[in-house]
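Participant: Residue-level listing of the chains:
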Amino acid sequence: MELYRLTAAELSRMIHDKQVSSTEVTKSVFARIAAKEPEIDAYVTLNEEGALKKAAEVDEKIAKGEDLGKLAGIPIGIKDNMCTKGLLTTCSSKMLSNFVPPYNATVIEKLSAQDFVCTGKLNMDEFAMGSSTETSFFKKTKNPFDITRVPGGSSGGSAAAVAAGEAIVALGSDTGGSIRQPASFCGVVGLKPTYGSVSRFGLVAFASSLDQIGPFGRSVEDVAMLYSAICGKDPYDTTSVRREYPRFEENLSADVKGLRIGIPAEYFGEGVTEEVRASVMKAAHEYEKMGAVLVPVTLPKPDYALAAYYIIACAEASSNLARFDGVKYGYRASSYNSLEELYENTRSEGFGDEVKRRIMLGTYVLSSGYYDAYYKKAKFTQNLMQDMFREAFRQADVILSPTAPDTAFKFGENSDDQVKMYMNDILTVTVNIVGLPAISIPCGFDSKGLPIGCQLIGNKFDEQRLLNTAFAYERQIGGFDLSKTLG
Amino acid sequence: MDMDIKRLAKLARLKFTPEEEEKYAAQMANIVAMVEKLPDLDASGPLIDPDNPMEFRKDEVQRNYSRNELIANAPEVQAGCIVVPKTVAE
Numbered sequence: 000m001e002l003y004r005l006t007a008a009e010l011s012r013m014i015h016d017k018q019v020s021s022t023e024v025t026k027s028v029f030a031r032i033a034a035k036e037p038e039i040d041a042y043v044t045l046n047e048e049g050a051l052k053k054a055a056e057v058d059e060k061i062a063k064g065e066d067l068g069k070l071a072g073i074p075i076g077i078k079d080n081m082c083t084k085g086l087l088t089t090c091s092s093k094m095l096s097n098f099v100p101p102y103n104a105t106v107i108e109k110l111s112a113q114d115f116v117c118t119g120k121l122n123m124d125e126f127a128m129g130s131s132t133e134t135s136f137f138k139k140t141k142n143p144f145d146i147t148r149v150p151g152g153s154s155g156g157s158a159a160a161v162a163a164g165e166a167i168v169a170l171g172s173d174t175g176g177s178i179r180q181p182a183s184f185c186g187v188v189g190l191k192p193t194y195g196s197v198s199r200f201g202l203v204a205f206a207s208s209l210d211q212i213g214p215f216g217r218s219v220e221d222v223a224m225l226y227s228a229i230c231g232k233d234p235y236d237t238t239s240v241r242r243e244y245p246r247f248e249e250n251l252s253a254d255v256k257g258l259r260i261g262i263p264a265e266y267f268g269e270g271v272t273e274e275v276r277a278s279v280m281k282a283a284h285e286y287e288k289m290g291a292v293l294v295p296v297t298l299p300k301p302d303y304a305l306a307a308y309y310i311i312a313c314a315e316a317s318s319n320l321a322r323f324d325g326v327k328y329g330y331r332a333s334s335y336n337s338l339e340e341l342y343e344n345t346r347s348e349g350f351g352d353e354v355k356r357r358i359m360l361g362t363y364v365l366s367s368g369y370y371d372a373y374y375k376k377a378k379f380t381q382n383l384m385q386d387m388f389r390e391a392f393r394q395a396d397v398i399l400s401p402t403a404p405d406t407a408f409k410f411g412e413n414s415d416d417q418v419k420m421y422m423n424d425i426l427t428v429t430v431n432i433v434g435l436p437a438i439s440i441p442c443g444f445d446s447k448g449l450p451i452g453c454q455l456i457g458n459k460f461d462e463q464r465l466l467n468t469a470f471a472y473e474r475q476i477g478g479f480d481l482s483k484t485l486g
Numbered sequence: 000m001d002m003d004i005k006r007l008a009k010l011a012r013l014k015f016t017p018e019e020e021e022k023y024a025a026q027m028a029n030i031v032a033m034v035e036k037l038p039d040l041d042a043s044g045p046l047i048d049p050d051n052p053m054e055f056r057k058d059e060v061q062r063n064y065s066r067n068e069l070i071a072n073a074p075e076v077q078a079g080c081i082v083v084p085k086t087v088a089e
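These protein sequence lines map, in sequence, to chains B and F.
With numbering that gives the first Met the number 0 applied, the first sequence covers 0 to 486.
With numbering that gives the first Met the number 0 applied, the second sequence covers 0 to 89.
Just so you know, the hints here were simulated from the structure itself, not pulled from any lab data.
One thing to keep in mind: the hints can contain errors.
Listed next, the stretches of chain B that the computed footprint assigns to chain F, with coverage defined by at least 3 CB atoms under 8 Å from CB atoms of chain F [said to hold, decoys possible]:
{"#": "1", "region": "303-310"}
{"#": "2", "region": "324-331"}
{"#": "3", "region": "362-369"}
C-beta: ideal position from N, C-alpha, C; glycine also.
My request is simple: use the sequences and hints to build the entire structure.
Facilitator: See the structure below:
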């Protein structure tokens, strides 16, 4: 058995029991990267030397009998919008193509405390703006199930790397579906945690009130394990929430008897393909077989959610991205005659098309005369949506829907029609707007052999129940099938 | 829809060619048509999030970065200072 094919939970037990060394695991993953990366292009930056050095360190600590964390020696890939000290962090943008952070994001500090092995930095849509990873300045990541198709986005590199065995698990970030939609497209598990449960310190900001870091894995247990490692209050992020966070992977239970699963008809409607609908409903019926009860719930209309999402996200992005001016770090234009021109030329040359479009939209909705009509109204829509979810969670314990309306599309298929591209996020954005946790799990394949994702939405900070529900399905079907991409 | 692309570009510190301006105007018209689908609701009153009282940390000097570490990413440095074009007219 090739080591790269195993899960983090399996490898962790083997490393701790000295059945394998972290060096062997790390070498297996880098051999896999060498074989697959030419066709998949999941990484912006590889960290082979650093990874092998860290693996050797872990092996030495284990030989000495030191008590190490569960993720010790496990090769983990990091989305390229999280700051890694001394390792290039580009956000897949020309603007940050030369940026080497002098500090670690809090999530990296937490993983480092467990002695993880960083394989490298994973490709993404530029500044996490996109649903296909096509807006990356550097390369197009391919879907390991079909290399003529996109891996989804914005965390497309993370999803593709985990599916193809180029990382055991990975971190991504989710502002409107950027973990769940690529997880769905690449047949892996992806969790978008409750807003405030994971520190955003050191995550390059896109839309601060919506952004959240989360884990990718090939099993629910792996996702639970990585989530346990990164969650918690951080004094460097005032929006992070102080509370007791359990060791989620130690409390996994596959018992769903009596669980009330909400089915929102609006999220199975227009735009959702018949194959996706049938496959996701089949998963719902599996839960029924296990003793859960399906109940109808009413959720905010997806149209409202998408409108409110793009207004809030772009408004915050236009403010957040104002910092990229060519002065203190990042790209600087080579020709300019004044400070004003330095700003304009740097930003016009450094940002790609999609980023500029979103900055312009954000500038428009925040400009005087339009603020009330757009931004303020969107924020009130957000409140209305929160009320609707509160009501839905009186009737249901978790809510089940498709993750994306369709399976992975071909390169260029949606590039010229922004609104069509944005529709990819129609079933995921609501969750970000109301700050809830949600997980995407694979629930079958379409007739083209492409994976379909089922989204489970939980109440605030109810990650344990969400993970348990996902775990029950995984057990029931005998594990997720990645034989096509790991072989 | 009345969208002054030139003015917005100026506010956002971006520069576009006339062809780009035309392209952006058309694309943004489509996007704005999408985001106008908000429900008809009363949007007066204050915006606060009662669920999320923020907890501030004490403003204490903690992290210690060296000057060199911090300016290592600057595009142009002279004598430990970041170089920018002249901002004051003679």
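Participant: Each of the hints needs a verdict: does it hold here or not?
Facilitator: Do the hints match the structure? See the list:
no. : hint    : verdict
1   : 303-310 : holds (count 6)
2   : 324-331 : holds (count 8)
3   : 362-369 : holds (count 4)
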